[in-house]
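**Student:** Going down the list, the protein sequences come from chains A and B. Counting in our numbering, the first sequence tops out at residue 501, every number present. Counting in our numbering, the second sequence tops out at residue 1662, every number present.
Think of the hints as simulated: they come from the structure by calculation, not from any bench. Don't take each hint at face value.
[As the list claims (entries may be wrong)] Here are the computed lysine to any residue pairs in the SDA-like style, where the Cα-Cα straight-line distance is at most 25 Å: (1) A:Lys391 / B:Leu1615; (2) A:Lys391 / B:Thr1499; (3) A:Lys391 / B:Leu1527; (4) A:Lys391 / A:Leu367; (5) A:Lys391 / B:Ala1385; (6) A:Lys185 / A:Gly145; (7) A:Lys185 / A:Met275.
These numbers come from a predicted model, not from an experiment.
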Amino acid sequence: MQEVLSVRGVSKAYPGVTALEDVSLSLRPGEIRAICGENGAGKSTFVKILMGIVQPDSGSIDINGQTQVVRGPQQAQSMGLGLVAQELSLAPHLSILDNIWLGSAEVPFLHRRASFRVRAKQALETLGLTDWDLDRPVSSLTVGQRQLIEIARLLARDARVLILDEPTATLSDADIERILGILKGLRTQGRSIIYITHRLGEVFELCDSITVLRNGQHVATQPVSETTREGLVEMMLGRSFEDMYPKAPAHADQSVRVVVEGLDVPGTLNKFSMTAPRGRIVCIAGQIGSGANMVTRALAGLVPSATGSVTVDGRPMRLGSVPHAVARNVLFVSDDRAAEGLFPQMTVLDNLIATRLDASARMGVLSWPALRRMAASLAERVGVDRHRLKSQSIALSGGNQQKLLFGRALASADAGVLLMNEPTRGIDVGARAEIYRIMRELCDLGSTLIMTSSDLEEVVGIADIVITLYRGNVVARYEDEAIAMSSILADITHPTQAVA
Amino acid sequence: MTERSTAGADSAGSVAADPLRARFDRARVFSWAQTIGIVVLLAIIFATPGFLAGPSILSLLTTVSFIGCVAIGMTLITISGNIMSFALGATVGVTAMVFILAVNWLGFGPGLVVGLLIGSLLTGLQGLLIGWVRANPIIVSIAALALIYGVTQAFTEKGTIYADPGTVPASVKGKIAGIPIEFIVFLLSAVVAQLILSATRFGRNLFMVGSSFRAAEAVGVSTWRTVTGAYLWAGFFTSLAGIMLAIRYDSANMDYGVAYDYDAIAAVLVGGTAIGGGQGSALRTLAGAMVIASVQVMLLLQGLRQEWQYLAAGLIVLAVIILQARGSGR
Ligand SMILES: Nc1ncnc2c1ncn2[C@@H]1O[C@H](COP(=O)(O)OP(=O)(O)OP(=O)(O)O)[C@@H](O)[C@H]1O
Ligand SMILES: [Mg+2]
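Looking at chain A on its own, in the form it has when it is part of the complex:
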């Protein structure tokens, strides 16, 4: 059978960094290929080259047997390629409909044509989003919902080769299940898919073959049937590795640190109450739209409409002011790193110290030697190359950007309260284990961690306490041994007992 896509010897260097070196790949019709590799291995760069977003230094691309020079995304589209990029790329003030057709080569200048509406609707429906209003602005959606729009956008277009760069990093299992189902359906239609993910379970469920990149070089391409999970991890990291989740030690001191009573966010969260003890990791689990990530946002002071009473270490905390929360050592990690996390043009160093300026300033004047030392040790801790402290942060790979956000939240020496939405979004398996280890370390120092995650495996692996949410209401609370995947999944999808 003829290959739909054949890439030969592609290389790409940035000043001081070789992102890709002599990488080749070919794809048959109806093949689903996983691309795996550590953060910064070159996966996103590779697909950006396919789409003409980045120009390679050397190498050639054949599409349907013809050598092509892909100059830009529009041209790539017209040759049958479609991409869901790693970072969200929606226009927040435009409607869902507009966003689905944004940048499509098919759309004429005036696009209010009924057929586009119908196709957009169909794309949403295949994703199970039957009740979505196409005219709603994207800015009113959560990160996970926006991710679904990105996927709908790809489905609405007619691509022969679909490229998905970490499409599921912010999605919950039910959505992922559905998306994997759709992709399998597309395979039977003879379409080919390139699929990048750090959730290795998806690789084994969905893909036919795996290409592993490491340090910008091709390590191996082989059928999934001949690959084990351990083998894959070893190929990615260049070493083997055992324990993902460190176990929680038995704690003597578990005094309550955070008490939330009657937290209300109109339209999303309904009289939410909880307590979070010192030295423990609390996970709030819920599907997209359940209000789970609103709890952390509200506690961080980012939701002006939130009401309710919150006490931290016995003292009441005002809602709706981030500086106030930060002053109480309550820090936040956003799940939207592009819009709400990263300072893109600023250096890696500046990004790491963003929350520590107060601590190292005397009368408003900064002590740079101290800040530099701090940044270097933080970079070391979260696994970002110290030599890149002076690089612009936007030049880091997606996963490495995420490490910056996490590193920044390890703010002060005193034990704080950490609020994290999807803290490990896009981080590779090796670095992820390291981040879990740091989380435990923080707990040992007396911090309290409150997080949300769409990855139930992660929830079950790392949480000491799980609170399940369904449509803004608490369903149940589980602790230690009582935490089980099945009951959490049941709670967040079809709750049997609704606790008021």
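Guided by the hints, dock chain B with the ligands onto chain A, whose structure is given.
**Tutor:** Frame of chain A; chain B with the ligands shown alone:
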């Protein structure tokens, strides 16, 4: 970005690049083009007959100081993510007027204080509107411009007001070691602004707000205070220009600051401060102001009229904006 990485986690893919290849990186090519452009410009300027003669150098040093102080203020506004202000030129005029009035009434020292206060507060107030109410910065500055002209016109029919003889001491009009005092004030302003930007917490906050407003909010930066602060300082540096003009001419007129906004933004951009915010430096604006002022002096020496100066400034800004846009592409 010129860092070479070797091993480590992000290093994934960080074998030192082939230097030849790196040199053809697009961003670099454009930053080189910018440097070459400036060098060529300076060469033309210095080749202009009479440019290096004492009088024109001196006039360059004073002209650049007025534009320069406004440009320093503008730099803070641009870095804070608020593009530019159209009201700084009018602020120059109004501080000059208020300064002369205050000097005539209260004396030189108090006059200085009043002048600086007026300029800072007027601009700071705009900052408050932009930072607190989240009003559009361009609209606010245009409204402020109209208001400032409207109010001053209602109060001053004559147009120009003069300082009473003997109120402004001769010592502030001279030179120190052959260098005009105005230029020394400008240099000091640039250094102070640079220290604010790079050595203070406020400076870091300013870059963060300019780089990503929402991310700054999420890490607990008080965004409204930061934006207001940027405008307060911008007003402070701008009023220095107004006061120096008034001292130089012993008089004040609302026309004093006309078109300074454009020259200032030109200086900011030529200096390499990004129009989108979050990036930039006051010392580079100093260099940018030197380039802009040199071009103006050269055009005068070549015998070209005022209109050509606007044209030149416009062309330079256009060139820089195009270079910036292309340079940031991949
Ligand atoms: N514009 C750029 N300028 C400089 N370096 C860059 C740029 N874009 C990418 N890089 C570098 O290229 C390398 C590969 O990055 P890439 O984004 O392809 O990684 P990735 O495999 O997608 O990682 P992740 O899993 O974290 O998303 C990294 O070292 C990154 O820092
Ligand atoms: Mg990537």
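**Student:** Work down the list of hints and note, for each, if the structure agrees.
**Tutor:** So, going through the hints one by one against the coordinates:
no.	hint	verdict
1	A:Lys391 / B:Leu1615	20 Å, holds
2	A:Lys391 / B:Thr1499	52 Å, violated
3	A:Lys391 / B:Leu1527	19 Å, holds
4	A:Lys391 / A:Leu367	18 Å, holds
5	A:Lys391 / B:Ala1385	43 Å, violated
6	A:Lys185 / A:Gly145	21 Å, holds
7	A:Lys185 / A:Met275	41 Å, violated
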